[in-house]
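Undergrad: Each chain is listed here by its residues.
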Amino acid sequence: MVIKMEEFEPKIVGFLCNWCSYAGADLAGTSRIQYPPNVRVIKVMCSGSVDSIYILRALLEGADGVFIGGCHPGDCHYLDGNYKARRKAVLMNSILDTLGLEKERIWIRWVSASEGQKFADTMREMTEAIKKLGPNPIAKHWNI
Amino acid sequence: MTDKILMVKKGDPVTSVNNLLKELLKSKKIQALLVMQEVPSKAISFPVLISDPDKLNSNVFAPVLPVSTASVISKITKIERSFELIGVVMRACQIRALVELVKLNQANIDNIVIIGVDCLGTFPVNVYSDFPEKESPTQFILNTIKKKNERSNYIRTACQTCKNPVPINVDIIIGLYGLDPKKELLIQINSEKGQKLLEDINLEAVKDAKNREKAVKDILEEKNQNRSDFIKEVGKIKGIDALTKFFDKCINCHNCMKICPICYCKECLFDSSVFNLEANKYIGKAEKKGLFKMPNDSLLFHTTRMNHMVVSCVGCGLCEQACPSDIPLMEIITPIGENAQKIFGYSPGSDIEEKVPMVIYKEDEYQEVGEK
Numbered sequence: 007m008v009i010k011m012e013e014f015e016p017k018i019v020g021f022l023c024n025w026c027s028y029a030g031a032d033l034a035g036t037s038r039i040q041y042p043p044n045v046r047v048i049k050v051m052c053s054g055s056v057d058s059i060y061i062l063r064a065l066l067e068g069a070d071g072v073f074i075g076g077c078h079p080g081d082c083h084y085l086d087g088n089y090k091a092r093r094k095a096v097l098m099n100s101i102l103d104t105l106g107l108e109k110e111r112i113w114i115r116w117v118s119a120s121e122g123q124k125f126a127d128t129m130r131e132m133t134e135a136i137k138k139l140g141p142n143p144i145a146k147h148w149n150i
Numbered sequence: 468m469t470d471k472i473l474m475v476k477k478g479d480p481v482t483s484v485n486n487l488l489k490e491l492l493k494s495k496k497i498q499a500l501l502v503m504q505e506v507p508s509k510a511i512s513f514p515v516l517i518s519d520p521d522k523l524n525s526n527v528f529a530p531v532l533p534v535s536t537a538s539v540i541s542k543i544t545k546i547e548r549s550f551e552l553i554g555v556v557m558r559a560c561q562i563r564a565l566v567e568l569v570k571l572n573q574a575n576i577d578n579i580v581i582i583g584v585d586c587l588g589t590f591p592v593n594v595y596s597d598f599p600e601k602e603s604p605t606q607f608i609l610n611t612i613k614k615k616n617e618r619s620n621y622i623r624t625a626c627q628t629c630k631n632p633v634p635i636n637v638d639i640i641i642g643l644y645g646l647d648p649k650k651e652l653l654i655q656i657n658s659e660k661g662q663k664l665l666e667d668i669n670l671e672a673v674k675d676a677k678n679r680e681k682a683v684k685d686i687l688e689e690k691n692q693n694r695s696d697f698i699k700e701v702g703k704i705k706g707i708d709a710l711t712k713f714f715d716k717c718i719n720c721h722n723c724m725k726i727c728p729i730c731y732c733k734e735c736l737f738d739s740s741v742f743n744l745e746a747n748k749y750i751g752k753a754e755k756k757g758l759f760k761m762p763n764d765s766l767l768f769h770t771t772r773m774n775h776m777v778v779s780c781v782g783c784g785l786c787e788q789a790c791p792s793d794i795p796l797m798e799i800i801t802p803i804g805e806n807a808q809k810i811f812g813y814s815p816g817s818d819i820e821e822k823v824p825m826v827i828y829k830e831d832e833y834q835e836v837g838e839k
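Protein sequences, first through last, are from chains V and X.
Note that the first sequence covers residues 7 to 150 in this note's numbering.
Note that the second sequence covers residues 468 to 839 in this note's numbering.
Calculated directly from the structure, the hints in this document are not laboratory data.
Each statement offered as a hint is correct.
Capping the alpha-carbon separation at 30 Å, the derived lysine-lysine pairs in DSSO-like fashion look like this:
#1 X/Lys755 - V/Lys138
#2 X/Lys716 - X/Lys756
#3 X/Lys756 - V/Lys17
#4 X/Lys476 - X/Lys681
#5 X/Lys748 - V/Lys17
#6 V/Lys109 - X/Lys705
#7 X/Lys681 - X/Lys660
#8 X/Lys829 - V/Lys124
#9 X/Lys684 - X/Lys471
#10 V/Lys138 - X/Lys703
#11 V/Lys109 - X/Lys760
#12 V/Lys17 - X/Lys705
#13 X/Lys493 - X/Lys650
#14 V/Lys137 - X/Lys705
#15 V/Lys138 - X/Lys712
#16 X/Lys684 - X/Lys822
#17 X/Lys705 - V/Lys146
#18 V/Lys109 - X/Lys756
Distance ranges between label pairs, derived from CB positions:
#19 X/Asn693 - V/Asp103: 20 to 28 Å
#20 V/Asp103 - X/Pro762: 25 to 33 Å
#21 V/Leu139 - X/Glu734: 31 to 39 Å
#22 X/Asn691 - V/Arg46: 45 to 53 Å
#23 X/Gln692 - V/Ile39: 54 to 62 Å
#24 V/Arg46 - X/Ser817: 37 to 45 Å
#25 X/Lys677 - V/Leu139: 54 to 62 Å
#26 X/Lys601 - V/Asp103: 46 to 54 Å
#27 V/Pro43 - X/Leu736: 28 to 36 Å
Glycine residues also receive a C-beta, built at the ideal position from the N, C-alpha and C atoms.
Next comes chain V alone, as it looks inside the complex (with noise of 0.2 Å):
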């Protein structure tokens, strides 16, 4: 079976942190700002405790995209989280080249409780991306 490129709609796991970007994403959904479904949204207490373990098996278990949104920097509810997931996600992009992944596919965003819209922006554009990524070579692996 072929898949057309245009049927690809890719699955994005998103990683929301309780105090801004969840709040934010709550926004855009009480304006009833559209966005695209693709995004499944967990939330978290900071983006910072968002371990590499979490990023990977969504990865591993065949997640298109990965998307971790936090506090604009300065204003982490744990002062310094958001700092601490930049970092992260700078040692995960050098471990994701080995696995043969494009780094576009992890995202991080500040987004703020009140950014509802830039929320729904985000996810448009990140979903966008990721189409042009195609789908995640490794869902079809099945010996990992």
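Using the hints, position chain X against chain V.
TA: Coordinates of chain X only, in the frame set by chain V:
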């Protein structure tokens, strides 16, 4: 820093060092000593914690590293730091690991005096126990101080590509490079702790320090060259096909994690019940791809472990040695570690004051990841 010389008697450096350590134990300046000692069967040397000088029969030059001595010190000082002075005799890689563990609050070296031994490399455990040459492994490795090519047939990949076989961040160094260990050994005192320990010991002055300097420079250059050659040669494991092929023989025993001095978690997530699913979930997983390999999550384990430890990886290669499936783990860990450490400008084990990269940050760094 003072350099002294320990004269070797009867051409036997092992006994000479053993006598020196015995004197230290007898003087009661140290309450106990952690050192490599041959087991009664003589098959292997293991670290022992010893308090009775009469039972000391150490072999600090035994070219084998069955377990991590850094992990042993972490075990000793984990519940409570030592209140009495303990001497520990270690190789350079294990000292680097110990420094990392101290930074990660997993070991306390307040009352530990570290005696580092110049490392000529170590053999895999089974090569050591069934050594094919006429000499004992220790005699063999000490004889290669002049003809180093002979040892490269036996020493582990990790030792071939060692970052620095000369100890740093230690109180005392027992030096081999640039000396003739049948005649003399270098005793370099690097700290007050070390000075106090050795003040009553009869040591001679160094006559010619140039030999040592040159030998240390040479060995560092050689190892660096080996390391970059090795990375160039093996750095091709990229992409999911190459990666699954590399880990095909993995049986999920998690030995690499258990032996690793840097993998310090008391309970590893992978040993917990987090990944135990209900039967219908396993069937669901099977239905998604048609089939999947059991036990599952082997690649998840390895990639997660890499993420957790590579920044602090000291290159001791115990993971590779402990692998029952003989997966050449250094071929993947070395290039990834080198790359990750370069990104953060971090050299594990080199500076005890410097924080590990994952706990610090700058507000305006890595803005290409994320956004401003």
